[in-house]
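Visitor: For reference, the chains in residue letters:
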Amino acid sequence: MKPSAFAYHRPGTVDEAVATLAGVGDDGKVLAGGQSLVPMLNMRLAAPAHLVDVNRVDGLDEVRVVDDGAGASVRVGAAARHTDVEHDAEVAAVLPLLRQALEHVAHPTIRNRGTTVGSLVHADPAAELNAVLALLGGSVTLRSTTGSRVVNASELVTGPMQTCLRPDELATEAAFPVPQGHTGTAWTEVSRRAGDYAVCGVGVLVTVDDELRVRSARAAYVSMGPVPEVLDLTEPVAGIAAGGARPDEWAAAGRLATARLEPDDDIHATAAYRGHLAGVLTARAARAAAERAVARAGDTTGAST
Amino acid sequence: MSIEEHPGRTETRHDVRVTVNGVPRTATVPARRLLSDFLRHDLALTGTHVGCEHGVCGACTVLVDGRPIRSCLQFAVMHDGAEITTVEGCTRPDGELGPVQRAFRDCHGLQCGFCTPGFVTTITAYLDEHPRPSATEAREAISGNLCRCTGYQSIVDSVLRAAEIRSDQGDGRGETPQ
Numbered sequence: 001m002k003p004s005a006f007a008y009h010r011p012g013t014v015d016e017a018v019a020t021l022a023g024v025g026d027d028g029k030v031l032a033g034g035q036s037l038v039p040m041l042n043m044r045l046a047a048p049a050h051l052v053d054v055n056r057v058d059g060l061d062e063v064r065v066v067d068d069g070a071g072a073s074v075r076v077g078a079a080a081r082h083t084d085v086e087h088d089a090e091v092a093a094v095l096p097l098l099r100q101a102l103e104h105v106a107h108p109t110i111r112n113r114g115t116t117v118g119s120l121v122h123a124d125p126a127a128e129l130n131a132v133l134a135l136l137g138g139s140v141t142l143r144s145t146t147g148s149r150v151v152n153a154s155e156l157v158t159g160p161m162q163t164c165l166r167p168d169e170l171a172t173e174a175a176f177p178v179p180q181g182h183t184g185t186a187w188t189e190v191s192r193r194a195g196d197y198a199v200c201g202v203g204v205l206v207t208v209d210d211e212l213r214v215r216s217a218r219a220a221y222v223s224m225g226p227v228p229e230v231l232d233l234t235e236p237v238a239g240i241a242a243g244g245a246r247p248d249e250w251a252a253a254g255r256l257a258t259a260r261l262e263p264d265d266d267i268h269a270t271a272a273y274r275g276h277l278a279g280v281l282t283a284r285a286a287r288a289a290a291e292r293a294v295a296r297a298g299d300t301t302g303a304s305t
Numbered sequence: 001m002s003i004e005e006h007p008g009r010t011e012t013r014h015d016v017r018v019t020v021n022g023v024p025r026t027a028t029v030p031a032r033r034l035l036s037d038f039l040r041h042d043l044a045l046t047g048t049h050v051g052c053e054h055g056v057c058g059a060c061t062v063l064v065d066g067r068p069i070r071s072c073l074q075f076a077v078m079h080d081g082a083e084i085t086t087v088e089g090c091t092r093p094d095g096e097l098g099p100v101q102r103a104f105r106d107c108h109g110l111q112c113g114f115c116t117p118g119f120v121t122t123i124t125a126y127l128d129e130h131p132r133p134s135a136t137e138a139r140e141a142i143s144g145n146l147c148r149c150t151g152y153q154s155i156v157d158s159v160l161r162a163a164e165i166r167s168d169q170g171d172g173r174g175e176t177p178q
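Read top to bottom, the protein sequences are chains E and A. Counting with the UniProt record's numbering, you get residues 1 to 305 for the letters of the first sequence. Counting with the UniProt record's numbering, you get residues 1 to 178 for the letters of the second sequence.
Keep in mind the hints are simulated off the structure, nothing from the lab. Heads up, the beta-carbon is just placed ideally off N, CA and C, and yes, glycines get one too. Be aware that a few hints might be false.
[What the hints assert, rightly or not] Simulated coverage check for chain A against chain E, where a stretch passes if three residues somewhere in it have a Cβ under 8 angstroms from a Cβ of chain E:
{"hint": "1", "region": "17-27"}
{"hint": "2", "region": "58-67"}
{"hint": "3", "region": "72-82"}
[To be verified] Covered stretches of chain E, as calculated for chain A (at least 3 residues, CB under 8 angstroms):
{"hint": "4", "region": "28-35"}
{"hint": "5", "region": "44-56"}
{"hint": "6", "region": "105-112"}
Construct the entire structure; sequences and hints are all you get.
Guide: Pasting the structure below:
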């Protein structure tokens, strides 16, 4: 249960970090929070010859809300901890889904070290943040000595724990777009114990019109496939009263989720049970998201008058 | 006290300077030395316990710059320059038991005691942020730490009792070393 030997690098700038990664090639790994990597090293499931510690790279620990004309987004640097994102008041005000999901990421002690960007590029099929990024249509910026590219959530994750990153690339920042219009969000999941990986987890984004009727509904799932699954749930709930709909109206969204998703069996749950959970949790999260959309629409209207 | 490296193996060693429980400490260790082993083997602070060594059990929890973290999931070299508080630092300045430790004694919050250092550090940091938790919040606060003896009820009681002790003594913060 001890890691094998490695050469330790601690760059101070992004340029130094990507130059180091380029130099060590396939035998290097980025070390940020270490909450997934170090267990793999301790158990010797991974034994890279070089670790590049990015915890002290200048400027990578920032969490910002940016409005660049193309719409607002929350930008999270590669060394920013889950805790920093979770407890950022400005982030919670513009994009509450981040905190709603982060509260389900392991335990506070793990979130104190684990990084949001590290979780995204680790690409565990149970990782809440990958589903949040997919639900919002977000992206990650990848830097190397040869330049920089921005990849969308759908391109980033290519399989379970697999991404499109090249060994010489460093993910420097994630961008979570703030959805337009009167929106509400919710995250809910079932795990065997508090803080464990979800057996099924779902995040829902509901948009309502000025009459507070559902205009669109979208959901993203974890542990329901090899990569985050995003479903459009609008059809069964379009036009219903977002604040006062009956439970059976939301259950229609749940039935759609159960029908569309194709989860696998594993030692924790059967595929049938996962499908059942997806139905129940989707209806529950959609209802909560819709109620929040109504409340936020009321706040916005109140503020503008 | 440092572990001898495998003969014939050359590994770069790094100077690591930290302040542990208010005391500056230095050791020279290979990069792969886990922070938990650094505290126990290199600094001879054996209060920090090592249970699962993959971040699940919480026994190795220490405070780095005031935040609880799993010391088995960190390399010591990453924390060069850090302020660390271990269970040995959760006492009062005069060496008597600190409020969380007293609460564990009062409420029988431990049996074998193996997991206790991780609970004490976790709860110490938690009460700094949440001085008056409810029973439900207290249970959530310890949900990342495993205990195989108590069944947790007495540990929940200990969290609530520690909050009482701290509030009787002011905010209790003065008892955590800088």
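Visitor: Has the region 44-56 of chain E got at least three residues whose CB is nearer than 8 angstroms to a CB belonging to chain A?
Guide: holds (count 3)
Visitor: Report holds or violated for chain E covering the region 72-82 of chain A, Cβ cut-off 8 angstroms, minimum 3 residues.
Guide: Holds, because 6 residues of the region 72-82 of chain A bring their Cβ atoms closer than 8 angstroms to Cβ atoms of chain E.
Visitor: Three residues minimum, CB to CB under 8 angstroms: does the region 17-27 of chain A make the cut for coverage by chain E? Let me know.
Guide: violated (count 0)
Visitor: In terms of beta carbon proximity below 8 angstroms, does the region 28-35 of chain E have 3 or more residues touching chain A?
Guide: Per the Cβ count (3), the hint holds.
Visitor: Just to make sure I understand the rule, a stretch counts as covered if three or more of its residues have a C-beta closer than 8 angstroms to a C-beta of the chain. Does the region 58-67 of chain A meet that for chain E?
Guide: The restraint on the region 58-67 of chain A holds, since 3 of its residues have a Cβ under 8 angstroms from chain E and three suffice.
Visitor: So is the region 105-112 of chain E in contact with chain A by the C-beta rule, three or more residues under 8 angstroms, or is the coverage claim wrong?
Guide: holds (count 6)
Hint check: a violation occurs at hint 1 only; the rest are consistent with the structure.
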